[in-house]
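2 protein chains.
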Amino acid sequence: MDLPVDLDKRLEETADRITVALDTLIPRVQGPEARLMSAMRYAALGGGKRLRPFLVLETGRLFGVDERCLLRVAAALECIHTYSLIHDDLPCMDDDDMRRGRPTVHIAYDEATAILAGDALLTIAFEILADPQTHADPNIRIALVARLAEASGARGMVGGQMMDMIAEELGDDIAAVTRMQRLKTGMLITYAVEVGALMGRASDEARHALSAYAHDLGLAFQITDDILDAEGSEDEVGKAVGKDEGRGKATFVSLLGLEGAKQRVSLLADQARAHLSMFGARAHYLNLIIDTIIQRRA
Amino acid sequence: MDLPVDLDKRLEETADRITVALDTLIPRVQGPEARLMSAMRYAALGGGKRLRPFLVLETGRLFGVDERCLLRVAAALECIHTYSLIHDDLPCMDDDDMRRGRPTVHIAYDEATAILAGDALLTIAFEILADPQTHADPNIRIALVARLAEASGARGMVGGQMMDMIAEELGDDIAAVTRMQRLKTGMLITYAVEVGALMGRASDEARHALSAYAHDLGLAFQITDDILDAEGSEDEVGKAVGKDEGRGKATFVSLLGLEGAKQRVSLLADQARAHLSMFGARAHYLNLIIDTIIQRRA
Chain A
105 MDLPVDLDKR LEETADRITV ALDTLIPRVQ GPEARLMSAM RYAALGGGKR LRPFLVLETG
165 RLFGVDERCL LRVAAALECI HTYSLIHDDL PCMDDDDMRR GRPTVHIAYD EATAILAGDA
225 LLTIAFEILA DPQTHADPNI RIALVARLAE ASGARGMVGG QMMDMIAEEL GDDIAAVTRM
285 QRLKTGMLIT YAVEVGALMG RASDEARHAL SAYAHDLGLA FQITDDILDA EGSEDEVGKA
345 VGKDEGRGKA TFVSLLGLEG AKQRVSLLAD QARAHLSMFG ARAHYLNLII DTIIQRRA
Chain B
105 MDLPVDLDKR LEETADRITV ALDTLIPRVQ GPEARLMSAM RYAALGGGKR LRPFLVLETG
165 RLFGVDERCL LRVAAALECI HTYSLIHDDL PCMDDDDMRR GRPTVHIAYD EATAILAGDA
225 LLTIAFEILA DPQTHADPNI RIALVARLAE ASGARGMVGG QMMDMIAEEL GDDIAAVTRM
285 QRLKTGMLIT YAVEVGALMG RASDEARHAL SAYAHDLGLA FQITDDILDA EGSEDEVGKA
345 VGKDEGRGKA TFVSLLGLEG AKQRVSLLAD QARAHLSMFG ARAHYLNLII DTIIQRRA
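Taken in order, these protein sequences are the chains called A and B. Just so you know, we're using this note's numbering here: the first sequence kicks off at 105 and counts up by one. Just so you know, we're using this note's numbering here: the second sequence kicks off at 105 and counts up by one.
Take these hints with a grain of salt, some might be off.
Quick partial rundown of chain A residues pointing at chain B, CB under 8 Å, derived from the structure [as the list claims (entries may be wrong)]: (1) S142; (2) S256; (3) I270; (4) I278; (5) A280; (6) E309; (7) R311.
Keep in mind the hints are simulated off the structure, nothing from the lab. Ideal placement from N, C-alpha and C gives every residue a C-beta, glycine not left out.
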């Protein structure tokens with residue numbers, strides 16, 4: 105096992121490696137379709153916390169999975185995450201001009217290019233997973249494809265985005281808001297945490313512990329998002345804030361109050377830590393990331 | 105082998121079976137995400153020629169592939185085709201209000217729902233292919249996924265759409281316009297013709313003959329599209345026409361002239377027929393569809 109280093113250093117190192125992987129997987133091209141690849145690269149290589157890739161790598165390491173394979177799965181997942189941000193930022197959706205401190209894709213390019221770049225990033229994710237370099241066993245590759253499609257499609261992330269758009273109709277129902285967040289962001293975080301166990305043929309016990317960890321971490325992440333939206337400044341968060349309240353949308357903060365939301369996050373963090381106990385010191389960074397997620401300012 | 109029936113009857117029968125398959129594969133749901141499924145179903149079940157599914161079924165039958173498996177692949181391919189139409193019709197793209205004689209998805213619903221429904225249809229295509237019901241052999245399933253991703257992504261359909269958007273820049277270059285059409289529509293038609301051979305473990309000779317057939321058929325299809333746009337009436341075509349010329353876009357008609365384009369179609373049709381000779385009478389409907397495609401009025 106590597107000597108423990110500072111979590112920030114570990115996060116930075118992972119982010120760099122993912123950016124290199126994406127740089128290789130999304131080729132530069134000449135000719136008339138260059139604009140498409142350029143927009144895909146602008147969005148995918150433009151930074152971000154790379155939380156999902158970090159989770160793929162750290163959990164995969166628990167089971168001794170080849171890092172080159174983990175990096176490919178992490179990159180595919182980041183392509184899905186990136187496409188969802190591009191489409192979500194469009195004028196007819198959240199209408200955001202800034203993302204990660206830079207102009208969003210439809211501002212830097214145009215709306216049509218943003219839609220196509222999102223479609224192409226979605227598609228390339230499955231192309232990456234299907235490639236033999238991702239895993240020697242076709243049964244594992246097809247499972248990676250099937251689960252990603254489920255977690256990101258109509259009964260996963262996209263379904264959650266649809267629910268979020270009509271969130272006013274969800275009303276003051278904490279169960280409905282929790283389910284919306286579970287679909288919108290939770291299922292892909294669960295995917296990130298589970299694929300390493302899948303690729304490394306982990307025991308059922310280990311899989312269940314990681315699923316439970318992912319569930320609590322994902323929800324804590326999302327409640328923190330709502331807290332940041334309610335109290336953060338645009339400068340810190342790097343995108344527009346205070347939009348939820350303006351839209352009269354039910355959030356964890358509107359439903360639980362600011363203090364109630366913070367208590368819920370703290371409870372979920374304790375639970376997430378408890379689920380990791382079976383992995384001992386090997387889950388060092390998976391433990392540390394919990395605090396980073398709930399204490400973040402952006 | 106089935107007794108030959110009228111081609112129109114055969115097409116209608118295929119279209120009905122694909123609609124039933126899509127009806128099963130895209131579930132109706134209750135609750136807040138119902139709007140998403142409803143838009144997906146509106147687009148996918150709303151008719152269309154179902155040319156690609158027809159090609160999947162007819163070529164798969166040449167090699168004795170189980171029809172239930174062929175129907176799943178055909179449905180997945182139709183989900184990709186349908187998503188591309190939804191996104192292509194958006195105001196920032198082709199801005200079409202009508203499709204198949206009905207309001208387009210962003211008119212019948214709204215733009216955000218149209219984007220999400222397209223994303224979800226794209227995703228469900230891979231979910232369908234990855235399912236064990238599509239083929240017992242995971243190597244075949246993963247090949248179906250890999251090829252569909254390649255044919256529909258940045259170096260396939262989406263890349264072609266990007267080129268089409270900036271078609272003015274392609275200028276009067278027949279090679280560039282041909283390549284754009286090859287990417288935009290040709291690669292998915294090739295996929296439709298090749299998957300049956302892949303699933304049925306056809307000989308290399310048979311595969312090459314079908315690839316060549318697909319190439320000529322796809323190009324003939326696209327040149328016919330340009331001819332219809334130049335001379336058709338909106339009523340017959342069921343969508344807006346005369347748009348290419350209005351945009352000063354290079355098309356096969358602008359490059360070859362109306363008569364030159366028609367001669368090219370006729371030549372491609374002869375070539376396509378010749379490629380089928382090795383299959384004899386078993387390719388009856390694949391032969392007949394050539395004329396249907398080039399003689400269509402919409």
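Results for each hint:
Below 8 Å, beta-carbon pairs count as interface contacts, and S142(A) has none with chain B, the closest being about 10 Å; its hint is therefore violated. Annotation: S256(A) was flagged as interfacial toward chain B, and the flag holds, the nearest CB pair being 6 Å apart, inside 8 Å. Of the supplied interface hints, the one on I270(A) holds, with its beta-carbon coming within about 6 Å of a beta-carbon of chain B, less than 8 Å. Hint on I278(A) is violated. Least Cβ distance to chain B is approximately 14 Å, over the 8 Å limit.
Interface hint at A280(A): satisfied, since its Cβ lies 7 Å from the closest Cβ of chain B, which is below the 8 Å cut-off. Checking E309(A) against chain B: minimum C-beta separation of about 26 Å lies over 8 Å; hint violated. Violation of the interface hint for R311(A) is found here, the shortest Cβ-Cβ separation to chain B being roughly 20 Å, above the 8 Å cut-off.
Checked against the numbered hints listed earlier, the structure breaks hints 1, 4, 6 and 7; every other hint is satisfied.
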